[in-house]
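J.: Given next are the chains, with one letter for each unit.
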Amino acid sequence: GNSVTQMEGPVTLSEEAFLTINCTYTATGYPSLFWYVQYPGEGLQLLLKATKADDKGSNKGFEATYRKETTSFHLEKGSVQVSDSAVYFCALSVPHNFNKFYFGSGTKLNVKP
Amino acid sequence: ETGVTQTPRHLVMGMTNKKSLKCEQHLGHNAMYWYKQSAKKPLELMFVYNFKEQTENNSVPSRFSPECPNSSHLFLHLHTLQPEDSALYLCASSQPGVGGELFFGEGSRLTVL
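Chains A and B supply the protein sequences, listed in that same order.
Just so you know, we're using this note's numbering here: the first sequence kicks off at 23 and counts up by one.
Just so you know, we're using this note's numbering here: the second sequence kicks off at 44 and counts up by one.
Hints listed in this document are in silico derivations from the structure and should not be mistaken for laboratory results.
It should be emphasised that the depicted structure is a prediction, and the values quoted were computed from it without experimental measurement.
Check the hints yourself; a few may be wrong.
[As the list claims (entries may be wrong)] Calculated pairs, DSS-like style, for lysine-lysine (alpha carbon to alpha carbon, straight line, at most 30 Å):
#: 1; chain 1: A; residue 1: K99; chain 2: A; residue 2: K134
#: 2; chain 1: B; residue 1: K61; chain 2: A; residue 2: K82
#: 3; chain 1: A; residue 1: K130; chain 2: A; residue 2: K78
#: 4; chain 1: B; residue 1: K83; chain 2: B; residue 2: K61
#: 5; chain 1: A; residue 1: K90; chain 2: A; residue 2: K74
#: 6; chain 1: B; residue 1: K83; chain 2: B; residue 2: K65
#: 7; chain 1: A; residue 1: K122; chain 2: B; residue 2: K65
#: 8; chain 1: B; residue 1: K62; chain 2: A; residue 2: K82
#: 9; chain 1: A; residue 1: K134; chain 2: B; residue 2: K83
#: 10; chain 1: A; residue 1: K130; chain 2: A; residue 2: K82
#: 11; chain 1: A; residue 1: K82; chain 2: A; residue 2: K122
#: 12; chain 1: B; residue 1: K84; chain 2: A; residue 2: K99
#: 13; chain 1: B; residue 1: K84; chain 2: A; residue 2: K82
#: 14; chain 1: A; residue 1: K78; chain 2: A; residue 2: K122
#: 15; chain 1: B; residue 1: K79; chain 2: B; residue 2: K62
#: 16; chain 1: B; residue 1: K95; chain 2: A; residue 2: K134
#: 17; chain 1: B; residue 1: K79; chain 2: B; residue 2: K65
#: 18; chain 1: B; residue 1: K83; chain 2: B; residue 2: K62
#: 19; chain 1: A; residue 1: K122; chain 2: B; residue 2: K79
#: 20; chain 1: B; residue 1: K95; chain 2: B; residue 2: K61
#: 21; chain 1: A; residue 1: K74; chain 2: B; residue 2: K62
#: 22; chain 1: A; residue 1: K82; chain 2: A; residue 2: K99
#: 23; chain 1: A; residue 1: K99; chain 2: A; residue 2: K122
#: 24; chain 1: A; residue 1: K74; chain 2: A; residue 2: K130
#: 25; chain 1: A; residue 1: K134; chain 2: A; residue 2: K82
#: 26; chain 1: B; residue 1: K61; chain 2: B; residue 2: K79
#: 27; chain 1: B; residue 1: K95; chain 2: B; residue 2: K79
#: 28; chain 1: A; residue 1: K82; chain 2: B; residue 2: K83
#: 29; chain 1: A; residue 1: K130; chain 2: B; residue 2: K83
#: 30; chain 1: A; residue 1: K130; chain 2: B; residue 2: K65
#: 31; chain 1: B; residue 1: K79; chain 2: A; residue 2: K130
#: 32; chain 1: B; residue 1: K84; chain 2: A; residue 2: K90
#: 33; chain 1: A; residue 1: K130; chain 2: B; residue 2: K84
#: 34; chain 1: A; residue 1: K122; chain 2: B; residue 2: K62
#: 35; chain 1: B; residue 1: K83; chain 2: A; residue 2: K99
#: 36; chain 1: A; residue 1: K90; chain 2: A; residue 2: K122
#: 37; chain 1: A; residue 1: K122; chain 2: B; residue 2: K95
#: 38; chain 1: B; residue 1: K79; chain 2: A; residue 2: K99
Use the sequences and the hints to build the structure in full.
T.: As structure tokens, this is what we get:
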């Protein structure tokens, strides 16, 4: 079946620290991979995505690389800011059913000044 | 107009009330979704509509009744809800295809007394 597993939170970091949030997946076929971010009181927003192996998605200093050999799509940022405090969701969609998205459980990030 | 608009943003209702949540998308997408987000639970897919036809009903109780009159509008009719139905209800839209991402509204926060 299709599923996404991401690291449990919360993750607490000091400002300017390096961030990694792990995400691994199982999928039938060749999935597209996504990271979404949810700020307090808001809906989810697309942060970045990748559609084929070795693609790197990037946005706002965040990066994630589609690793087919390890079925992973880890989110990284070199220097986090307080404003990055949010919940981050890893997700995938599969070619035979583009209408179905599989989400991880979310990882809450707290960044302290 | 923002991409996906949900109204109302907040709703308080008694267990015997009937109310509706509304979603409108201005992105020209063909698919629309309802998700439920409860505290400390993964995001739950409720319904999917593709070209106005319901393609997914994720074993949702009949007290939730969706309606999709056209590709731009989606409703969730609520009646005789339970306190455990209190949650953030998120509407989303997408254009199905490789890498086609979900665009979310800001959500309707529902409290059932």
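J.: All the hints need checking, so say for each whether the structure fits it.
T.: Evaluation of the provided hints:
1. A/K99 with A/K134: Measuring from Cα to Cα gives roughly 15 Å; hence the hint holds.
2. B/K61 with A/K82: violated, 42 Å
3. A/K130 with A/K78: holds, 23 Å
4. B/K83 with B/K61: Holds, at about 27 Å.
5. A/K90 with A/K74: holds, 8 Å
6. B/K83 with B/K65: holds, 25 Å
7. A/K122 with B/K65: holds, 21 Å
8. B/K62 with A/K82: violated, 39 Å
9. A/K134 with B/K83: Holds - the C-alpha atoms of B/K83 and A/K134 are around 22 Å apart, at most 30 Å.
10. A/K130 with A/K82: Holds, at about 18 Å.
11. A/K82 with A/K122: holds, 27 Å
12. B/K84 with A/K99: holds, 26 Å
13. B/K84 with A/K82: holds, 27 Å
14. A/K78 with A/K122: This hinted pair holds, its Cα atoms lying about 23 Å apart.
15. B/K79 with B/K62: Cα-Cα ~16 Å, so holds.
16. B/K95 with A/K134: Distance of about 45 Å is beyond 30 Å: violated.
17. B/K79 with B/K65: holds, 14 Å
18. B/K83 with B/K62: holds, 25 Å
19. A/K122 with B/K79: holds, 15 Å
20. B/K95 with B/K61: Holds: B/K95 and B/K61 sit about 23 Å apart, inside 30 Å.
21. A/K74 with B/K62: violated, 43 Å
22. A/K82 with A/K99: Given pair A/K82, A/K99 holds - Cα atoms ~9 Å apart, limit 30 Å.
23. A/K99 with A/K122: With a Cα-Cα distance of about 28 Å, the restraint between A/K99 and A/K122 holds, given a limit of 30 Å.
24. A/K74 with A/K130: holds, 27 Å
25. A/K134 with A/K82: holds, 19 Å
26. B/K61 with B/K79: OK: B/K61 and B/K79 at ~18 Å, within 30 Å.
27. B/K95 with B/K79: Distance ~20 Å between B/K95 and B/K79 Cα, so the pair holds.
28. A/K82 with B/K83: holds, 27 Å
29. A/K130 with B/K83: Holds, at roughly 11 Å.
30. A/K130 with B/K65: Since the Cα atoms of A/K130 and B/K65 sit roughly 28 Å apart, the hinted pair holds (cutoff 30 Å).
31. B/K79 with A/K130: holds, 18 Å
32. B/K84 with A/K90: holds, 28 Å
33. A/K130 with B/K84: Holds. A/K130 to B/K84 sits at ~13 Å (cutoff 30 Å).
34. A/K122 with B/K62: holds, 27 Å
35. B/K83 with A/K99: holds, 25 Å
36. A/K90 with A/K122: Roughly 20 Å separates the two Cα atoms, so the pair holds.
37. A/K122 with B/K95: This hinted pair holds, its Cα atoms lying about 16 Å apart.
38. B/K79 with A/K99: holds, 29 Å
The earlier numbered hints that this structure contradicts are 2, 8, 16 and 21.
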